[in-house]
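Chains as they are written, first to last, in this note's numbering: chain A, 1 to 378; chain B, 1001 to 1619.
One should not assume that every hint holds.
To be verified - Sample of chain B residues with no beta-carbon within 12 Å of chain A, all distances over it, derived:
(1) E1006
(2) F1023
(3) G1027
(4) L1033
(5) E1039
(6) A1111
(7) G1163
(8) L1288
Stated by the list, open to error - Selected chain A positions facing chain B (Cβ under 7 Å, derived; list incomplete):
(9) S174
(10) N259
(11) G281
(12) F284
(13) A300
(14) R309
Think of the hints as simulated: they come from the structure by calculation, not from any bench.
Note that beta-carbon positions come from the ideal geometry of N, C-alpha and C, so glycine has one too.
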Amino acid sequence: MEERLRATDLSLGEKILSINWLLVALLCVIGGIGYAVLYSAAGGSPEPWAFRHAVRLAAGICVMLVLAMIDVRFWFRIAYPVFMVGVALLLAVDLSGIVAKGAQRWIDLGPIQLQPSEVMKIALILGLARWFHAGWLDDVKRPLFLVPPLLMVAVPVALVMLQPDLGTAITLISVGGTLFFAAGVRWWKFALVIAIGLAALPVGWEMMHDYQRQRVLTFLNPEEDPLGSGYHIIQSKIALGSAGLWGKGYLHGSQAQLNYLPEKHTDFAFTTLAEETGFVGATFTLFLFFAVVVLGIVAATRAHSQFARLVIIGLSMNFAVYVVINTSMVMGLIPVVGIPLPMISYGGTAMLTVLLGFGILLSADVHRDTPIQRFPKS
Amino acid sequence: MQQEAERIRWFRRRSVLLGAGTFGVFGGLVGRLWYLQMEQGERYQLLSEENRVNQRLILPPRGRVLDRAGRPLAENIPTYRVRIIRELTKDVPGTLERLAAVIPVTPERIAEVIRQVQARPRFVPVSVRDDLDWEEVSLIAVRAPELPGIILDSGMVRRYPEGPAAAHVLGYVGPVDEPELKSDADPLLQLPDFRIGKQGVERSYDPVLRGKAGLSRVEVNAVGREIRELDRDEGQPGQDLELSLDLELQRFCMNRLAAETSAAAAVVDVRTGGVLALASVPSFDPTLFQNGISTRNWGALRDDKLAPMVNKAFKGEYPPGSTFKMMIALAGLETGVIKPDTRIRCSGSTWLGRIEFHCWKKGGHGAVDLQRSLEVSCDVYHYEVARRLGIDRLAEYARRFGLGERTAIDLPGERPGVMPTVAWKKAKLKQPWHKGETLISGIGQGYVLATPLQLAIMTARLSNGGYKVSPWLVRGGPRHMACCGAMAEPVGVAKEHLDLVLGGMHRVVNSPAGTARAAALLTPGVQMGGKTGTSQVRRISKADRLSGAYKRKDIPWEQRDHALFVGYAPFTEPRYAVAVVVEHGGGGSAVAAPIARDILDRVLQLDGQPVQAPDGKSA
C-alpha cells in the first residue's frame, strides 16, 4: 500500500527546493513589519527593541529552516515524549516558576527563560497529531477513542489555568479543538462539549482569580474604570479609532509615541501599527497573517500522511488563534489576555516558539510524501 | 487504502471549513477595524486630541500708557525669576541650600519649595523667587554648573518710570481678586501672572490695556510632560494709551505742590477739555501694588490722614469759596437782578433779619460794581446778588458750568461735589432751606462743594467763550470722542456777560487792587485771569472775629482755611485753565495764586507759547 509514495529519503537539495519559500518570505515580511513597529514604538530608534527583534528574527528564520530539513518521522517519534516534557515543564512551573506579572509562566534555564506554555502548544499539536494519525474515521467515531486526546487537552489546560494563564488556556483549547475537527470528529460532539463548557462557566467563574474576573468585567464595561484596568482597552481603541483610513503617519502615532498606549511594543504592538498606518495598513497586515494561514491550510491538504496534515493544520491554526486573540483584544472584542502578536510583538521566546512551530510545519510540508506507519515499532 | 482516501476527503472538507472559518474571523476583525477607524473615527480622534493636547493661555503684553508727547508713563519691563526642576537635580534640598548661598532665600521659603516640588510631577518647575535683580541673575548664571535643576526664567512687570508723580492718574495694577474674577469672564483673569488695573487709567481702561489672551496648544504625554508646541496664537497685545497729560507739567505740578502738606491742582485745555495735569500731594508708589501690597504698607497708606491714595484733584471736595463768585455774578447778569453797573454798598457786613453776614474786609469796600466785586472779592456784593437770585436760580447757572455733578472724566472714583438747591436739602437733610444759606452760598461756602477739576472746568467754560467742554484723559477714549466728536454745546449765557466776568478775573491778577496782583504771569507779554478763594473750614465766632485770631498762623493745621485759586491764560486767547486747592493752606491770594501762576507759566513755556503783543485791555 506504500507503492505510491516516493522514496523515503530526500536529498538535502530536494528538501531545500521543496521548502515553501512563499511562506518563508511572508514570515520575513511580517517580521520586517514588526521591526518597523518596534522602531516607531521606541520613538524612532532601533534601540531598545527593533534591533534585537531583527536579530531574533534572523536567528529564528535560520532555526526554522534547519528544523525544516529534519525528517518528519523524527517529529512523529518524539511527539509523545515532547508532550510529556511539556506537561512536566508546566508542572515544574506551577511548582517553582518565577513570578512574572502575578502569573507564574516562566522557567529559568540559565541564559534563556523558557515559557513552557509556548512549548506546550507545539507539544499538544504533535501529540494529538500522532494520536489521530493512528485513527481511521471509524476509530474517530468511537467515543472511547476520543478519551485519551481529550485528556491530552484537558491536562495541560488545567495546568495552565493554575498558573494562571487564561490566554494560553483558550489557545490550547482552540488549537486542540481544531485538530479534533480536522481529524473528522462529528459536529454534534463539539456541540456537546461546548454545551458542557457553557454549563461549567459559573463553576469556572468561581475558580477564577480576582484579576481574571476583573479582566472579564473590565472588558464588559471598560469605561467604568477609565484609569484602572479599563485604561488599556480605552487607550487602544482611541489609538486605533483616531487613525482613520491612512493613519497618522509612520512615527507620528501620538497615542503610542506619547505613552498613552501601554505595552505599545508587546501586546499592543498591533495598535501602534494601526495608529500610524490606519485602516489600510492594519488590514494589509491582517491580510498577510491570513495569507500565512491559508498557505498552511493548502500545505496541509497536500500532505500524504495524516500526521503531517494534522501537524501542519494544527500549527497554522495555532498561528491564526494567536493573531485573532491578540488583535481582538486590542480592538476591544475580548478581554485583555497576555498574548503577543506573532512576529511583530517584542519578545524573544514568543518569536522563537512561533518560528520553531513553522520549522516543524515546513518540515512536515517538505516531507509531505514521506510515509509514516500507523503503528511504528518503537 | 480506501480508509486513507476517505480520511483525506474528510480532512480536505474540514480544512476548507477551517479556512472559511478563519476567513470569516479575519473578515470580522477587518469589520471591527472599519467600525473603529472609519465609522467611529471622528469620536476617537477627538478623544485622542483631548488626550494629548493641553491648551495654555498666553499672557499678552499690557498696553503702555504714554503722555501727550509719547513719553512712557507706564510700561512693561522684564523681570527674572528662579525656578527649580526636580528631575534635573539629584538633591533638591542640597541644591536649594547652595542657591541660598548665592542669593538670599529664606529658610521658610526653602521648606515651602521642597514641599511644592514633592507634591508635583518631577518635571514641573517650581518658582523659588520671582523678583531677581540683574546682579542676582548674573550670580546664578555664573554658578549654574553647581546648581543643577535651577533655571532662570523671565516675565514682565509693570513699571511706572514717574513713580509717585503720575501715580494718581495712572493708578496701579495688582493681582486679580475674588470679586473681579466673578464679574469678569475673560479667561486672562485665570492666569496667575495676570495683573489687573485697580485704580486710575489702569482700571478705567483695563479692557483696552490688557489685550486678548493668546493660546498655545501643547502636546503632552501620558504623565503630562510637554513634548512640543503644536501651534500658537499670540493673541492681541494690549493697546497703548496716549493721554492728554503732559508728563513735564504733571511732574512740575507735583514738585510745585510738594512744599504743601496736602494740595491738588488740575490743568485743562479750555478748548478741548484735555487734562494736562492732575496733581495731588502727598502721593504713593504705584509699584508697591504689583505683587499685592504688604499689609503694613497698605495700612500705612490707608490710615494716613492726608489720604495719599486719593487723587484730590477729582476726588477731593472743597467749599469753592470766592472762586465761586463768577457764578453769582454771571447768574445775576443773566437773570437781570443786577446790571453791569449796579453798585452795591459794602460796609463790611450785611444783615439778614437779625443775623449779620461779614465781608472778609473789616471796613468794607464801599460802593462796588460787578467787576470790582471780583477784583477785590467783595463778600457783601455777592451776598446781596445771591439773596436776589435765590439758591435755585444760582444753582441752575452753576450746573451749567459743571458744578454739582461729575465731570465724567475717564477715571474711576470721581466725586460729584455739591450744588445745593431747596429740593436737594429737603431730600438729603429733610430740612427746609434757610435764606441765610443762600447768602453763604453766595461766597462759595455752606453746602457748596467742588473738586479742583470741576473748578478748572468751570474756568475753562468761562474763558473759552461759554462752551461746555468736559475733561478727558485718554486720546481716542470715549470721553475724548464725546467732547471732540462734535462742537461743544454752548453753556447758554450772553457773550457780553461772560466778557464782563472775565474782565473782573483779569483785574484780580492785573490791577493794583486785585487780590492776586502779586501773582501776575512771569511770561513776558502774556496775561492771565483768575480768582482767589479762601474757604473756611470752621465757623468763625464773634470772639475770633474781634480778636482777629482766625487769621493767625498759629491755629491748628486742620482748622486753617483752604487756599484756592482758579485761573486761565493767555487772557486774550485763553488756552489753559488751572485750579489749585491747598488744604488748610491759608489765604488763596498768598498761597494758591502763586502756585497757579507758576503752573500757567510752565504750561505756556512747555507749549512754546510765542510772546504775544501786550494788549491794551489790561486795566
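Taking the hints in turn, this is what the structure says about them:
no., hint, result
1, E1006, "violated (6 Å)"
2, F1023, "violated (7 Å)"
3, G1027, "violated (9 Å)"
4, L1033, "violated (5 Å)"
5, E1039, "violated (9 Å)"
6, A1111, "holds (32 Å)"
7, G1163, "holds (50 Å)"
8, L1288, "holds (45 Å)"
9, S174, "violated (11 Å)"
10, N259, "holds (4 Å)"
11, G281, "violated (10 Å)"
12, F284, "violated (10 Å)"
13, A300, "holds (6 Å)"
14, R309, "holds (6 Å)"
Violated hints for the displayed structure, listed by number in ascending order: 1, 2, 3, 4, 5, 9, 11 and 12.
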